[in-house]
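For the sequence shown, UniProt numbering gives the first residue as 1, with consecutive numbering after it.
Misleading hints may appear alongside valid ones.
[Said to hold, decoys possible] Each computed EDC-like pair below joins lysine to aspartate or glutamate, with the alpha-carbon atoms no more than 20 angstroms apart: (1) Lys433 / Glu415; (2) Lys1036 / Glu1003; (3) Lys843 / Asp856; (4) Lys850 / Glu922; (5) Lys859 / Glu922; (6) Lys786 / Glu729.
[Claimed, not checked] Per label pair, the in silico range of CB-to-CB distance: (7) Val503 / Ala713: 26 to 32 angstroms; (8) Thr274 / Pro306: 42 to 48 angstroms; (9) Ser226 / Gln80: 53 to 59 angstroms.
Simulated from the structure, these hints should not be mistaken for laboratory data. Using N, Cα and C, we set each Cβ at its ideal position, and we do this for glycine too.
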Amino acid sequence: MTLNFNAAIAVSTNRGQNWLLTYWHSAISDGLTDVSFSGQTGFAVGSGYLLRTTNGGINWQQLPNPNGQPLKQVICFGNQSVWAVTQAGQLYRSADNGASFALVTQAPALIADIAFVNPNFGFAAASGQLFRTTNTGLTWQQLTTDDTRPGNFAGLRFASETVGFTNGHISTDSGRHWEELPNGPDRGYSFVAPSFVWATDGIYKLYKSNTLAFQGIPNARFRIDSTALASANQLRLISTSDRRYQHRWFRNGQLLANSFEVDYQRDSCTVTDTFRLEVSNNAGSRSHEVQISYRLQQPIISSFLPTSSVAGGTVTITGTNLHMTRSVSFAGVPARSFSILSSTTITAIVDTGGSGAVQISSRCGISSRPGFTFIPPSGMAILRIYPDSGKIGDEILIEGSKLNLVKRVLIGGAEAQRFSILDSTKIVAVVGKGQTGLVEIRSVSDASTLGTFTFVQRQAPPKIISISPNKGLVGSLVTVKLEGLSNTNSLRARFGSFPANIVNANTDSITIEVPPGTLVRTIALQTESGVIHAPTPFETIFNGGGAKALGTTFQKPAQFSNLVPRGKSRLGFYEQFYLPVLVDDLDGDGQADMVATPAPNSGHGLWAMKLQMKNGIIEEGQKLQLAGNTGSLFAALGDLNNDGLPEIVVSDSAGLLVYTNLSTRGDIKFGSPVKLVSKLVADGSHSIHIMDFDNDGFNDIQVGVSIIRNLSANSNVIKLSEVPYIINEIASLYPDYPRYYPPVVVCRSLSNPYKGKASLLFGLPGQRQDNRIVFLTNESEPGIIKLVRQIDHPILLDAPAETWESNIKRIPFIEDIDRDGIPDLLLSGFNNWGIPFGLDYYKGYFNQNKWEFMVDPIKVLMKDSYDQPSALSVFIFGDAISKMVDLDGDGAKEVYFGNLQSTPIVLRFEKDSLGMIYAKQEELHLNSHRFNYRNDFFYFDGVDDLNGDAKPDLVGRTRSGYFSAVPDNYELKDYQSVAVSLNNLGNDNVIPICPAETDIILESPLSGSEYIWQVDTGTGYIAAKDLLGMENAHTKLLTIKLISASWRKADFRCLADSVPGSTFSMRFENSYLHNDTAALSNAHWHNPNVWSCGVVPNEYTHVVIPAGSAADIKTGDASSKSITIKNGSSLIIRQGRRLITQQ
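With the sequences and hints as input, model every part of the structure.
As structure tokens, this is what we get:
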């Protein structure tokens, strides 16, 4: 059938064999442009007409166009859905079989053609692009098509959701890609079913075919994945054509692979590659080609460091493309070895050679950079190391040649902690965290190695976790919690140097009895692995029954003037008064002893002396002069070899001296002094602390800003480090000073308030704005010292500008001033001339378990004994505040200090109802002995329990006489002597005397113009002058001649100008000393030589068995008034013998 320009419709009912003309219209001048059938219902459009049939095309009905718009395309479905496209390219949809149409507003504009597979799924061609809807046209998605897109998609038709035809092309992937049909129709596609198609070439031919028979010429498409190009030089070539077709890959014209995708390993030095993909099927073949250019892989050196080196030195070379390096040379000499760290960094070891350029080469090229200088060998070499094994913190001796050039020491591949060059042939180095390997030394121009050093793992020592309680009475029990203790063999306990009785012992806990004489000491346990120390000190307390007035509590000082040879000397003001006195148990007998060190250039020696009790006062025992005309300033006592006896460490103008304690019970003895690292203390002005800083079980020595580690391994030999640890946290604050001599005014050692390791608190001077307190916490581990600055706090002083001196002394203490359970910082302030500035305290607190204190100080208010405001007007000198301690047993600590103008002062801290801290000032008259500025002075060095009664006694120095002040030069007109004053609180002036007939002198505590001594034997007081044996009964001093037991119940007192003074009574006391030198077999109760008074006790005698003694009653019965058996002593009563005592 041939259609002319008059519109007509023909119908075939026998598959196109015959046609029946059913509709024609001469008015449709342009003809009908589209027809669509669904069953018996069909639509036709063209020339402004819309026709519908419901009987298979036999009859047609004209319908109105949507909005009067002429249509060019129509598609209908059996569910009464009709789609129509206007000549203007708008899409309309009818849901009522064409009765009405609605504009599809979301459809693309300027639609050229549509193709719906079902009422929901359809395609639209618009403006040369292809769109798809899956929801009846509510939304449309633009499809991405490659460069095989067939023009403007003319004659678009889809047989299914995936297979479509247009303009002589076919798509099998929903229109994303199109392939050209080699022969056949290019328009007019119509589908009887999804698998059967009618088509025409638009002019003469009509085609019919099975859809699957159509096959397009394949397109060649691929993409390149370069993800692994930078890291592995690898490309992945991936085809985007149909997997069913044949694929062939070519690189630079050479066949690469026959696969859908291929991995290509690129040659690092290749600059460009051309890849071609050929895809073919039965319809034909096509190819696609891409050329890739790569970055240039030629190596480039940008820099190298160091720019000079010796043979064996390491040079780091940086640049680009260095990962392919094949060789490295320095001035043409190949490197000894090199390591490729990355594509930008390599390291090379310099071999022997000359100066010139550094050059690297690879397959891709060569790069060089000038500027390298070769340093010829210096001749430095290691000849011997000793020992050849060790732990962290151990020291080794390196011997060799030209060792003065050494800048670095490596042991087992790790940097030494520290090293010290003794001379050009010897170095001492401290082992760091290394491993077994070579010992190597390096200088600026050379390096040398020797032997194999064996690294030994340090075994973790046991440790004390806690002590409970941390304060208590003499004789009370302390529980010590342990960790890591394997057994209790040979376990011994000490409070400082005082031996203590172990009541119960297990590997995780022991119970210890508090011994007398300890006051404040650190608990130490001697184990098979060494000595371990408690993290916090123990404080021995006594029950004084509440706060007491201390004015007459202490005895008149007992002076040991022969410790300081008498004589006049011209001394500087500072040197005149600095005479440290130290107290400890020197011989392990449980009794406190004394060490006195002199002022520099005074001509006085270093003395050690045993103390003994006699007639209620401390008297001199064995004395030992250790050094003559020494210039000592600072000294400390501490056990350095873990034998339980304290060594003496002295800082003087010659250096640091250590005296080894060789004492036995009852006999003080010290070895010759050993001089240490003199450059550390060349000016002799550094305080000393002996503590275990690195927690290895041996005490170390801190002096100034240096810590000398203790390397001792047993109790026979003391070995101290020759390479000090410099506390750079302090030294770095004073860069203009020599590293060993920053101007440290004071340093306090203490157990860290929250970690229990030995920490340091420094008070540092400066001008008004930069005085500071620095608190260092201890982060050490066995063998490695590490101190960390936790607090660095500027301190401003409340001082008049005209009295200001740059060398301000702010003596710091850490004490709980406000009694809230948290330590506070207490500072006293005064300048070089001793002018007082009062007391400040900085409130302490914990921040994330770290102790800190407030930035702003709180002024301590001063009140007198009547609670009235007062000024701290005494003339304080130097480091006069020795420590805070509970002097009266009321549970609160007092601070005391020497007073250059008058009597020593005690300050009691109290808190008022408003929470303000104030201090009450009280004078110490020392048993009514008032000091006078022009006559005498008591300067405190410390407190300790000297007589084992748990009460703190005073230790210091006295002076008597006069000195005249001349600017910067004071001429001493008098003499100094060491002195002690016993705490007599609660003793009511009971005077212990020996039970033999002897003379005794009583001194009135009061002063006056008339004195009358009285005696009460039980019937009332009578005048002593009327009694036999009483002499000088009208003077300040009463002499009792040949006193006997008949006076055992008598009380004595003196009236001064009719005012009664304190009451005195007698106590006949005898101590068993076990000091018989004839024979130990003769050391028994009835031998008078073993008693302190030289006579055997009787029924009037109070007997004391001191610690370490073993009294033996074996030759007869014994008697006493009372008997006291001290901790660590024993009493043996043989069979058939008796001890008769009245108490």
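Okay, the hints, checked on the actual structure:
{"no.": "1", "hint": "Lys433 / Glu415", "result": "8 angstroms, holds"}
{"no.": "2", "hint": "Lys1036 / Glu1003", "result": "6 angstroms, holds"}
{"no.": "3", "hint": "Lys843 / Asp856", "result": "9 angstroms, holds"}
{"no.": "4", "hint": "Lys850 / Glu922", "result": "36 angstroms, violated"}
{"no.": "5", "hint": "Lys859 / Glu922", "result": "19 angstroms, holds"}
{"no.": "6", "hint": "Lys786 / Glu729", "result": "10 angstroms, holds"}
{"no.": "7", "hint": "Val503 / Ala713: 26 to 32 angstroms", "result": "31 angstroms, holds"}
{"no.": "8", "hint": "Thr274 / Pro306: 42 to 48 angstroms", "result": "46 angstroms, holds"}
{"no.": "9", "hint": "Ser226 / Gln80: 53 to 59 angstroms", "result": "55 angstroms, holds"}
In this structure, only the earlier hint numbered 4 is contradicted, and the remaining ones agree with it.
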